[in-house]
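Engineer: As a plain string of letters, each chain reads:
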Amino acid sequence: MWVYIVRRLLLSIPILLGIVAITFLLFCFIAPDPAVAYAGKQKTPEQLAAIRHQLGTDQPKWEQFVNILTFQFPLSLRYRESVWTLFRLKAPVSLAIQAPAFFIELALQMAIALFVAWKRATFWDYGITFISVLGISVPALSLYLAAQWIFGGWLQWFPVAGWSPGFFYALHYAVLPILVSVIVGLGGGVRFYRTIALEEINADYVRTAHAKGVSQSEVLFTHVLRNLMIPVVTQTIVTLPLLFTGAVLLERLFQIPGFGNLLVDAIHSQDQPVVMFITYSTSVIYLVMLIVTDILYTLVDPRVSLQ
Amino acid sequence: MTEFSDQIILPEQGQSAGVAVSLESPRSLGGEAWRRIVRKPATFICLIVVAAYVCVSLLTFTPIFDKRIEEPLSADKSYAPPALHHTWPDGTTTLAPACWFGLDFEGRSVFWRVLYGTRTALLITVFASAISLSIGAALGLLAGYFGGWIDDLITWLFSTVSSIPWLLMVIALAWVIQNNQSLNAGAAPSRLEVIFGGTTSIILALGFTDWVGLCRLIRGEVLRLRDLDFVVAARAIGLGHGRILFRHILPNTFHLVIITFSLGAVSYVQVEVILAFLGLGVTSKPSWGRMIDDSKLELLRGVWWEVTAATVAIFILCLALNILGDALRDALDPKLHGAR
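Residue numbers (this note's numbering), protein chains in the order written: chain H, 17 to 323; chain P, 4 to 343.
For the record, the hints were derived by calculation from the structure and aren't laboratory data.
All values derive from a computational prediction rather than experimental measurement.
Take these hints with a grain of salt, some might be off.
Here are some chain H residues the structure puts well away from chain P; computed CB gaps all over 12 Å [stated by the list, open to error]:
| # | residue |
| --- | --- |
| 1 | Leu-124 |
| 2 | Phe-131 |
| 3 | Trp-140 |
| 4 | Gln-164 |
| 5 | Val-191 |
Going by beta-carbon spacing under 7 Å, a handful of chain P positions derived as facing chain H [as the list claims (entries may be wrong)]:
| # | residue |
| --- | --- |
| 6 | Leu-248 |
| 7 | His-251 |
| 8 | Leu-300 |
| 9 | Gly-305 |
| 10 | Val-315 |
| 11 | Phe-318 |
Beta carbons are placed, not taken as given, at the ideal position from N, Cα and C, and that holds for glycine.
Here chain H stands alone, though its shape is the one from the complex (with noise of 0.2 Å):
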């Protein structure tokens, strides 16, 4: 088992310096000059050298390419904070929405493609099936606007847009972002697992515990369920780290102040340092993320082998 995680990690590192060297070209080498970006054209040199000495692009390259790896990023432009300490402050607002939507998007799409997978080739299936594709189709950015305009315009049951600080403010500003990336995420959701869980529903344990006299349900909760935790796990951990970067669409639309935000602000703001740090640091969380998934996939699931 430790051979195996010790392998696993030492095969990650090219992987690792792939990801910094992406980083690196596309914000060295294919970005024009940051300082210029963000200050302007007419700015004088003397102007533009401190933006350049401040983000750290006067020093060779190869120093430029260690300070990713070691995730010396230079202070935000804009903020004129490190990213760390934005990090700090946004990320938590990004999970506060994220984390409950998570978990209750999970719940509904097992629930629902469970009940699909058991009334296959049903009326029941045929309708949630062409609903969940009618939802994917949907841009989300339009469902967010719709939901923004019926729940928070027309009907007021909640805020339009909004965010405050302390719990039951913010619940009071999160309940319709939370409910609408529920709704956006259903549809992809859903089919997915009903395919699964279809695979799962034809194979042979299943038609053994059939036989044995098992009942519908405990076919479905206890056998079925359980092989589905397998391919759940493997494709639910992968997401994780996009719970900290939050939906970027979300976040912006509905006012949010956490790290989708802060990306769409350093977009529009020129900061370069802010949209690296977001694009390197995710990325690097997302590699941890695909090696826990795999560690994992060997302890749920027996029958793959260590080597």
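Go by the hints and put chain P onto chain H.
Structural biologist: For chain P alone, kept in the frame of chain H given last:
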């Protein structure tokens, strides 16, 4: 030498042995898939819908749209709700399709601008797919066929790219490319830039990030095909690597390319909306994402028609493509036949 395989199954041999052989040529996988799609009403309608979108988008390259998408129709050059009829400046009132979907914030026809949006969707889908599919197919073929260090290198490359969340990478790349373009702005746009109308950053960002899925699929398929009899036979009779790859292996992986294309088109159209919202999208020509972005703040004040028109346009296209993509996957990937 290449006729070698044909000689074995010559019809005369079968007949001389007294076995009845049907002279009707067997249906190819592609032909079978086509028949399945055309015969089923739902998928046939989807096919027609997609064809209609393509036709409209081809029409946008003719001059008939140029005046209609820019001309202000309302007197105060601002929003007007959908109306069947329009009163022209000379006092006559006629049935005007231009006003059916309302007018946008500069009093321009939403109807014509929605139709023009197909052009952006087509450009992005066709060119981004062309880039990503050719990169994905080429790398997947090389990795699967040659193995060894080539496989290691390509596996490393796609593992790395797939370790970066896709949307984030698209946003970052589009941002970087657009920054480059805006700093070089000022020079007169070339003919090519006029045709692409500001979609180049989206096309490049999507094309260079979305090849991973296909590459992985094709690599896996080639690994399987590589040791099958027909490839071994081709190698045995001395065919070169290029001929084996392009004549014998590539056609057998082509269903993966088609499935990836049809499902990729959906995500490209949707990503265009996100990029437009972030200010990274098309700036010079009407696009659906830009229309939604333009009027998103006006929605609470009751201007619903522009968002709705663009959303419905995206919705119908994506729905048709989703259903077609699923049908294609069912028809072309025999492994999935039993699943449904």
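Engineer: Does each hint hold? Answer for all of them.
Structural biologist: Verification of the supplied hints:
no.	hint	result
1	Leu-124	holds, 21 Å
2	Phe-131	holds, 18 Å
3	Trp-140	holds, 16 Å
4	Gln-164	violated, 7 Å
5	Val-191	holds, 18 Å
6	Leu-248	violated, 26 Å
7	His-251	violated, 31 Å
8	Leu-300	violated, 10 Å
9	Gly-305	violated, 9 Å
10	Val-315	violated, 9 Å
11	Phe-318	holds, 5 Å
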